[in-house]
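Protein chains: 2
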Amino acid sequence: MKTVIPVDLPQNQYDIKIATDGLQYLGAWLSAIGKSGKVLLVSNPVIFKHYGDTAIESLKAAGFDVCQCILPAGERYKTLRSIEKIHDVAFTNRLERSSTMVALGGGVIGDMTGFAAATSLRGIAVVQVPTSLLAMVDASMGGKTGVNHPQGKNLIGAFHQPSLVLIDPNVLATLPGREFRAGMAEVIKYGIIWNEDLFDQLEQAQRLDQMRYVGQALLHDILKHSCQAKADVVSQDEKEAGLRAILNYGHTIGHAVESLTGYKLVNHGEAVGIGMVAAGAIATAMDLWPQTATDRQLAIIQKTNLPTKLPENLNINDILPTLRSDKKVKAGKVRFVLPKRIGAAFVTDQVTDDIIRSVLEEMF
Amino acid sequence: MKTVIPVDLPQNQYDIKIATDGLQYLGAWLSAIGKSGKVLLVSNPVIFKHYGDTAIESLKAAGFDVCQCILPAGERYKTLRSIEKIHDVAFTNRLERSSTMVALGGGVIGDMTGFAAATSLRGIAVVQVPTSLLAMVDASMGGKTGVNHPQGKNLIGAFHQPSLVLIDPNVLATLPGREFRAGMAEVIKYGIIWNEDLFDQLEQAQRLDQMRYVGQALLHDILKHSCQAKADVVSQDEKEAGLRAILNYGHTIGHAVESLTGYKLVNHGEAVGIGMVAAGAIATAMDLWPQTATDRQLAIIQKTNLPTKLPENLNINDILPTLRSDKKVKAGKVRFVLPKRIGAAFVTDQVTDDIIRSVLEEMF
Numbered sequence: 001m002k003t004v005i006p007v008d009l010p011q012n013q014y015d016i017k018i019a020t021d022g023l024q025y026l027g028a029w030l031s032a033i034g035k036s037g038k039v040l041l042v043s044n045p046v047i048f049k050h051y052g053d054t055a056i057e058s059l060k061a062a063g064f065d066v067c068q069c070i071l072p073a074g075e076r077y078k079t080l081r082s083i084e085k086i087h088d089v090a091f092t093n094r095l096e097r098s099s100t101m102v103a104l105g106g107g108v109i110g111d112m113t114g115f116a117a118a119t120s121l122r123g124i125a126v127v128q129v130p131t132s133l134l135a136m137v138d139a140s141m142g143g144k145t146g147v148n149h150p151q152g153k154n155l156i157g158a159f160h161q162p163s164l165v166l167i168d169p170n171v172l173a174t175l176p177g178r179e180f181r182a183g184m185a186e187v188i189k190y191g192i193i194w195n196e197d198l199f200d201q202l203e204q205a206q207r208l209d210q211m212r213y214v215g216q217a218l219l220h221d222i223l224k225h226s227c228q229a230k231a232d233v234v235s236q237d238e239k240e241a242g243l244r245a246i247l248n249y250g251h252t253i254g255h256a257v258e259s260l261t262g263y264k265l266v267n268h269g270e271a272v273g274i275g276m277v278a279a280g281a282i283a284t285a286m287d288l289w290p291q292t293a294t295d296r297q298l299a300i301i302q303k304t305n306l307p308t309k310l311p312e313n314l315n316i317n318d319i320l321p322t323l324r325s326d327k328k329v330k331a332g333k334v335r336f337v338l339p340k341r342i343g344a345a346f347v348t349d350q351v352t353d354d355i356i357r358s359v360l361e362e363m364f
Numbered sequence: 001m002k003t004v005i006p007v008d009l010p011q012n013q014y015d016i017k018i019a020t021d022g023l024q025y026l027g028a029w030l031s032a033i034g035k036s037g038k039v040l041l042v043s044n045p046v047i048f049k050h051y052g053d054t055a056i057e058s059l060k061a062a063g064f065d066v067c068q069c070i071l072p073a074g075e076r077y078k079t080l081r082s083i084e085k086i087h088d089v090a091f092t093n094r095l096e097r098s099s100t101m102v103a104l105g106g107g108v109i110g111d112m113t114g115f116a117a118a119t120s121l122r123g124i125a126v127v128q129v130p131t132s133l134l135a136m137v138d139a140s141m142g143g144k145t146g147v148n149h150p151q152g153k154n155l156i157g158a159f160h161q162p163s164l165v166l167i168d169p170n171v172l173a174t175l176p177g178r179e180f181r182a183g184m185a186e187v188i189k190y191g192i193i194w195n196e197d198l199f200d201q202l203e204q205a206q207r208l209d210q211m212r213y214v215g216q217a218l219l220h221d222i223l224k225h226s227c228q229a230k231a232d233v234v235s236q237d238e239k240e241a242g243l244r245a246i247l248n249y250g251h252t253i254g255h256a257v258e259s260l261t262g263y264k265l266v267n268h269g270e271a272v273g274i275g276m277v278a279a280g281a282i283a284t285a286m287d288l289w290p291q292t293a294t295d296r297q298l299a300i301i302q303k304t305n306l307p308t309k310l311p312e313n314l315n316i317n318d319i320l321p322t323l324r325s326d327k328k329v330k331a332g333k334v335r336f337v338l339p340k341r342i343g344a345a346f347v348t349d350q351v352t353d354d355i356i357r358s359v360l361e362e363m364f
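Heads up: the protein sequence lines correspond to chains A and B, in order.
So for the first sequence, UniProt numbering puts the first residue at 1; every next one is plus one.
So for the second sequence, UniProt numbering puts the first residue at 1; every next one is plus one.
A portion of the hints provided could be inaccurate.
What the hints assert, rightly or not - A few chain B residues that face chain A, going by a derived Cβ cut-off under 10 Å, partial list only:
#1 11
#2 45
#3 49
#4 84
#5 88
#6 91
#7 97
#8 123
#9 149
#10 157
#11 159
#12 160
As the list claims (entries may be wrong) - Here are the simulated DSS-like cross-link-like pairs (lysine-lysine), alpha carbons at most 27 Å apart as the crow flies:
#13 239(B) with 38(A)
#14 333(A) with 303(A)
#15 153(A) with 38(B)
Hints are computed from structural coordinates only; laboratory data are not their basis.
It should be emphasised that the depicted structure is a prediction, and the values quoted were computed from it without experimental measurement.
Using N, Cα and C, we set each Cβ at its ideal position, and we do this for glycine too.
Chain A on its own, in the form it takes in the complex (with noise of 0.2 Å):
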C-alpha cells in the first residue's frame, strides 16, 4: 500500500509518501527531490538500533555522505543542549546550505531536527522519517520545530517546512502499546475536527488500543485521512494565523496536564486524550455541542484505552493560571479550541473560568 499526499504551501511543496517497507527507499526517493552530499542523520539509541542501519544503507547506496547524531530518548531531552549536540556534529562535519539533516524518531526527535536545520547556515533542508505514530499523524507535518524551556513546552522554536515527510507503517511494529494509544488520540482529533468519516471508521472498530487490533488496511486509512487532514489545514494556513489552531483542540487543558504533571506521568496523547475530553464538556456546558457527541467522542477514547480522567494529584487551583502561561494566550485570554459538530471545530476566547472550572471538577 502506498499513498502520496502532496503538501502545497506558497514557499515549499513537499509529499508525505505513506509506504509499507518505505525506508529502504529514503536514499532513493531523497535523490528524487534533488538532494545529494551530505547527511545528517538525527536519532536515538532505540530507535537507532532497530531502523539506523536500514536508514545508512539507503543513504549511502543512493550516494550520500552520512554522518550521524544520536540523542537520548525523552521529552526532557527537548532542550537547547540538544541542538548543541546536533550543531556541534554539524559543523565539525563540514555541513553546506545544500546538505540535508534527516529525523529518525518520534516527535522529540523530529522537532528538534527540524529545529537544528531551521538554524544551521539560517536553514538547511529537513526530512522527517517518524517512527511514532504521533509524529506520524501531527509532529512530523506542519513544519513546527522546536525545544523546550523551563517556563513552557516549545517557547523555543521557529517554522521550517521538510522537504519530505517518509511515513513507513512496518516501524510501529516495535512502537509499545502506550506510544500506539496517544498517537490515536491526534487521530480521534482529526475524526472530529476536520473529517466525520475518519470519526465513523474509528466508532466502527472493535478494538483501537492496540495496533495488532487494527490491523493494516485500517491502520494506513487512519494515516492517510490524518495527514491528508493536518495537510488541509496547514496548507490553508501556514504559520497558525487563523484555521491551524484548530490542530490544538485537546490541547489547552492537555498542555496544562502534561505541565503540571511534570512531563512525566501523562505523555502527549493521553493529555490531549483528557484534554479533548474535557474541551468537548465545555462546549456541551456552553450549549454548543450535543450531549450525545460527547458521549461518542468518549467511547471511542475510552476503547482506545486512553485515560480519560485528570491525574488525582493534580490541583484545579493550578490549572487555571497554567492556561494563562500557554505561548497560545492573546492579550491575556485563553483561546479554546471547540467542536461544533463531528468534522468541524472553531476557536473561541469566550470560555469563562467558571466553566472551565465546574467540567474539571467533574474529571477527577
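Chain B: place on chain A using the hints.
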C-alpha cells in the same frame, strides 16, 4: 533630514527610516506599524547608558509594557548562551506572539536579538535600532540573524526580517572612531558593487576617517545610498539564492582574516577592507578589472584610514583551508565576489588557489 526606504519582500514589507532624532519617535513609530503590548529591549551596557532612557521613555509614552535584557558587549558574547539569556527574560516576562523585541545596539546586538525573536514562540516581531555605522548600513537590514559557533562565525542562525529599521544618525556621536571606519568599509563596498554615484561621492570627499570630517549632509547621503543598495539587493534575492551573494564582496578573505586572528586583532569592517583590497587585486590578476580601478578603490580605503595589509603574523598556509570552512562554500568550491566595473560585481568559483596565494603574498 529624513528619508524612508521601503523594503519589499514577498512576505514582508517594512520601512527603513533614517531620521535625525528618530530615537525619540521609536514608540510612536512602533504604534504606527500596529504594534502594542509587550516590548523586550535588548542592548549592551555602553549603548544602554547613552540611549536606553530615551528609547524606554519613548516606548512607555506610546503605551508599551517594556522589559529589558542587557548583554555584555562584544563579538565573543555572540553565542547561544546570550540567546538563552534573552529567552529567559522573554519567557519570564510572558512575551506573547504579538509582542516585539527591539535591538538597540550594533551588529552583535542586532544579530542576537533578531535570532532570539526568530526562535521565540516560533517567530515574533523584531525592530532594529542600529547604533553603529556598520549595523546601520548592513546588519540591521536583510533579515540575517544568528550567533557564532566554535567552528565558525554565524553558523547558527535564521532568516528573520525586521518589522522596522530605525536609523538615528545622532547616535553615531558616541561611536569610537575605529568603529566608524569599520562601518565605512561596508559603505565603500556598496560603491563598488552597486552604486557608482556613491563611489564618486566617496572619491571626492576630503577625508572619510572620522565622522566630524564627513559632515551631516554627506553622512545622510551615505546612509541613504547604502541602505537603498542593500534594500535593492535583498528585495531581489531574500534568501541568498543568487544576487544577494554580491553583498559578500570582501567577505571571503575578510572572514578568514577575522577567524584566524581570533576575532580580536581585526574587526569586521577592517577585515572587509582587507578583503576588498584582495578581491580587487584578484580581479585585476584575472584580467577582469583594470589596475586603475583597483588603485581608485585602494585610495578610498586608505583615505578612510582602514588597514590595507594582512596582519603580519598571519600565515598564508592557514588562509586557504579556512576559506573552505566558510558556509558560502558550495560543493567544496570557494566562491568569490569580484568587481567587473565600479558599481557592479559578480560571483565566481573560478579563482584558483595559485591566484589567491600570489595576491595574498603581496599584501604583507
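* Among all the numbered hints in the text so far, which are the ones the structure does not match? -> Of the numbered hints given earlier, those the structure breaks are 2, 3, 14, listed in rising order.
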